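J.: Each chain, letter by letter, is given below.
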Amino acid sequence: MKLRTPFRTAVLALIWGWMIVFVFLPNLLVIATSFLTRDDVHFIRLEGSLASYARLLDPVYAGVFTHSLYMALVTTGLCLLIGYPFAYIVSRLPQRHKPLLIFLVILPFWTNSLVRTYAMKLLLSANGLINQFLLGVGVIDAPLRMLYTEGAVIAGLVYVLLPFMILPLYAIFEQLRVDLLDASADLGAGRWRTFRYVVLPLTMPGVIAGCLLVLIPAVGMFYVADVLGGAKNLLVGNVIKSQFLDARDWPFGAAASIGLTVAMGLLLYAYYWSVRLARHRGEHGALA
Amino acid sequence: MCVEHVGHDKGERVPHNLLSLSANRVMASDKNKIVELRGVSKSFGGKPVIYPLDLDIYDGEFVTLLGPSGCGKTTLLRLIGGFEHPDSGSVLLAGRDITDLPPHQRTVNTVFQSYALFPHMSVFDNVAYGLRADACPAAEVTQRVKAILDLVQLTEFAARRPDQLSGGQQQRVAIARAVVKKPRVLLLDEPLAALDYKLRKQMQNELKRLQRELGISFVFVTHDQEEALSMSDRVVVMREGNIEQVGTPRDVYEAPANLFVARFVGEINVFDATVLECLADGRLAGEIAGQRVVLPGHGRGFTAGARIHVLLRPEDLRLLPPEREEGFGGEVIERNYKGMTLESVVRLDSGQQLIASEFFDEDDPDFDYRLGERVRVTWVSNWEILLPHEAAHAV
Chain A
0 MKLRTPFRTA
10 VLALIWGWMI
20 VFVFLPNLLV
30 IATSFLTRDD
40 VHFIRLEGSL
50 ASYARLLDPV
60 YAGVFTHSLY
70 MALVTTGLCL
80 LIGYPFAYIV
90 SRLPQRHKPL
100 LIFLVILPFW
110 TNSLVRTYAM
120 KLLLSANGLI
130 NQFLLGVGVI
140 DAPLRMLYTE
150 GAVIAGLVYV
160 LLPFMILPLY
170 AIFEQLRVDL
180 LDASADLGAG
190 RWRTFRYVVL
200 PLTMPGVIAG
210 CLLVLIPAVG
220 MFYVADVLGG
230 AKNLLVGNVI
240 KSQFLDARDW
250 PFGAAASIGL
260 TVAMGLLLYA
270 YYWSVRLARH
280 RGEHGALA
Chain B
0 MCVEHVGHDK
10 GERVPHNLLS
20 LSANRVMASD
30 KNKIVELRGV
40 SKSFGGKPVI
50 YPLDLDIYDG
60 EFVTLLGPSG
70 CGKTTLLRLI
80 GGFEHPDSGS
90 VLLAGRDITD
100 LPPHQRTVNT
110 VFQSYALFPH
120 MSVFDNVAYG
130 LRADACPAAE
140 VTQRVKAILD
150 LVQLTEFAAR
160 RPDQLSGGQQ
170 QRVAIARAVV
180 KKPRVLLLDE
190 PLAALDYKLR
200 KQMQNELKRL
210 QRELGISFVF
220 VTHDQEEALS
230 MSDRVVVMRE
240 GNIEQVGTPR
250 DVYEAPANLF
260 VARFVGEINV
270 FDATVLECLA
280 DGRLAGEIAG
290 QRVVLPGHGR
300 GFTAGARIHV
310 LLRPEDLRLL
320 PPEREEGFGG
330 EVIERNYKGM
340 TLESVVRLDS
350 GQQLIASEFF
360 DEDDPDFDYR
370 LGERVRVTWV
380 SNWEILLPHE
390 AAHAV
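One line per chain: the protein sequences are A and B, in this order.
Okay, so the first sequence: first residue is 0 according to numbering that gives the first Met the number 0, each after it adds one.
Okay, so the second sequence: first residue is 0 according to numbering that gives the first Met the number 0, each after it adds one.
Worth double-checking, as some hints may not be accurate.
Said to hold, decoys possible - Here are some, though not all, of the chain A residues that point toward chain B, as calculated from beta-carbon distances under 8 Å:
hint: 1; residue: P5
hint: 2; residue: A9
hint: 3; residue: V10
hint: 4; residue: A184
hint: 5; residue: R192
hint: 6; residue: V197
hint: 7; residue: V198
hint: 8; residue: L199
Unchecked claim - Ranges between beta-carbon positions, derived for each pair:
hint: 9; chain 1: B; residue 1: A138; chain 2: A; residue 2: I88; range: 48 to 56 Å
hint: 10; chain 1: A; residue 1: L92; chain 2: B; residue 2: P118; range: 43 to 51 Å
hint: 11; chain 1: B; residue 1: E139; chain 2: A; residue 2: W272; range: 27 to 35 Å
hint: 12; chain 1: B; residue 1: A158; chain 2: A; residue 2: H66; range: 25 to 33 Å
hint: 13; chain 1: A; residue 1: R275; chain 2: B; residue 2: R211; range: 41 to 49 Å
hint: 14; chain 1: A; residue 1: L100; chain 2: B; residue 2: Y50; range: 33 to 41 Å
hint: 15; chain 1: A; residue 1: L100; chain 2: B; residue 2: E139; range: 30 to 38 Å
hint: 16; chain 1: A; residue 1: I88; chain 2: B; residue 2: Y50; range: 31 to 39 Å
hint: 17; chain 1: B; residue 1: P118; chain 2: A; residue 2: L13; range: 30 to 38 Å
Keep in mind that the hints were calculated from the coordinates and are not lab data.
Model, not experiment: these values are computed from the prediction.
We put the beta carbon where it would ideally sit given N, CA and C, even for glycine.
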């Protein structure tokens, strides 16, 4: 161990250095910026102010926040709805089929998600592939309006984020012991009961991990809303981006960013407490 | 009682309450078949694991499925439990065909080799799981779980999680969880394999006690012949998907049906012999390694000229000083001190090697052999096992 101590110190120093320079300091700068005042020439002026946070409460921005959160929740729900059974089925397949299917899940990562979002635009647009096909087949007479809708944004988010749901779920399903399912059936539990009391609790960590990996990016992926959403379906990410790049209001952009972080933190905290409460109730019930 | 709440299970559970176990214990009846396997077979991916076979298990008996790994004993157990569906044949439980019933509708319970305890539940919840699945009222669940935890001496561990228990304790939870539902038959899949020697001995006794107290049938899978002999009422010896012999431990040890059983159930010495003539008193005269020996006929109906195996357990062999006339000459090439016994390997002049196991004699505490010492090997007459000759490749 003694020989490895310098190496360990070096690794730890590197990680800490990295975290400080690229995570801690930038976040500190963002926090600081959010309390400063906008300046047309230098972006920010060193003059403390809470005006940016006050603007966040403006109904326009509060509306964007809630709508964005709503779309993110729907996206997360859809990803879970698709990803959970998918991960379960893949994990139960013969060993030789699994690598290919997981490879197919990962494959889209090889193309930049912005490019893939543009590809979706080609599919969904008024004279896109889907409309052309439906018109050609004769199912519809006029092209459907699919692009620049809430549905398009959600579809785009689901498409981009689905692998982040599937992978942690797959990992947890791979660990799920088949003998526990046998034991449950042996003790008289049908499929539903086995799912409810054995499969679901044991795969919950994967569900949580997947939901977090989808929900958090889903409020920030501004380019998906940019390309597919039009003016009405903004994400919080769009607000932040436009404040920094278009409106050049850095303090407000920073405040929006902090607001998003705080909202996510509150969500996690609420979840943490609900789990603790549920577990406490469970243990209490067991001892009663 | 919960039993009355479960429609399809009605009448199949053992009818008495656990709390009054000792009071009205149901005596094991000899002729009540509880499980009947009728021509069941099973193959996986085209490879037969169980060839069509019949097996009856009686109410209240302790049956062991014994065989080397891959002989199909676990598959046979899973066929009874409902985890596998037989390719042919049928499985009957208390006279009812349950071949097509899924595991959760069968009134048998299993103790899995891995224990398969639910890691996210307390010991109490693990044991209560099966009762809750049957929609047992909460008060009765509590009462029955407590009673069974008492029985396996785990009362103070009720609130623990499985990973906070030792291997032996986990084992007892697995057993409690399976028997709390009062199954007609308890299936045990090598439940002691993961325990160390001492704990295994202790659990063997506990299982036997439990089986006596519950009065239900145990079907126990093991590859450990010693375990099988010491625990069972009957032993089913299996090889490559076939049943080689079914009998009491004494039967399979002292009257093995064939060379495989003889060799698998303990050590054995095998002589090749030829029957010379049938003697008037029903015995046989035979020839072993050029010497004439008189063998018991055992009513096997061997005729003159038949090739046979003469089998002798190590403890039936006697080693005599070299100046004696009887028996076969040989020399001691290995001696192993076994505590209670001295085990010697003797090479006969014919080249064959034998294992002899002799108890230490109180009168002669220094009793031992030198390596290379000449001895005469003989055995207690009438203790030979005679089997028809099997072709050399058979085992």
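J.: Using the nearest Cβ pair, does P5 of chain A come within less than 8 Å of chain B?
T.: 37 Å, violated
J.: Regarding the hint that V197 of chain A lies at the interface with chain B, is the smallest CB-CB distance below 8 Å?
T.: Given a least distance of 6 Å, the restraint on V197 of chain A holds.
J.: Does R192 of chain A hold up as a contact with chain B if the rule is Cβ-Cβ below 8 Å?
T.: Hint holds; R192 of chain A Cβ to chain B Cβ min 6 Å, cut 8 Å.
J.: Grab the minimum C-beta distance from A184 of chain A to chain B and call the hint holds if it beats 8 Å, violated otherwise.
T.: At about 4 Å, which falls below the 8 Å cut-off, the nearest Cβ of chain B leaves the hint on A184 of chain A intact, so it holds.
J.: Does V10 of chain A pass the interface hint, meaning its C-beta sits closer than 8 Å to a C-beta of chain B?
T.: 31 Å, violated
J.: Between the beta carbons of E139 of chain B and W272 of chain A, is the distance compatible with 27 to 35 Å?
T.: With a Cβ separation near 34 Å, E139 of chain B and W272 of chain A satisfy 27 to 35 Å, so the hint holds.
J.: Using the nearest Cβ pair, does V198 of chain A come within less than 8 Å of chain B?
T.: Since the shortest Cβ distance to chain B is 11 Å, the answer is violated.
J.: Is the hint on L199 of chain A kept, meaning its closest Cβ partner in chain B is under 8 Å away?
T.: Not OK, violated: L199 of chain A not within 8 Å of chain B, min 10 Å.
J.: Does A9 of chain A hold up as a contact with chain B if the rule is Cβ-Cβ below 8 Å?
T.: Interface hint status for A9 of chain A: violated (36 Å vs cutoff 8 Å).
J.: Does 30 to 38 Å hold as the CB distance between L100 of chain A and E139 of chain B, or does it fail?
T.: 46 Å, violated
J.: Between L92 of chain A and P118 of chain B, does the beta-carbon spacing fit 43 to 51 Å?
T.: 24 Å, violated
J.: Within 30 to 38 Å or not, the Cβ separation of P118 of chain B and L13 of chain A?
T.: 37 Å, holds
The structure shown violates the earlier hints numbered 1, 2, 3, 7, 8, 9, 10, 12 and 15.
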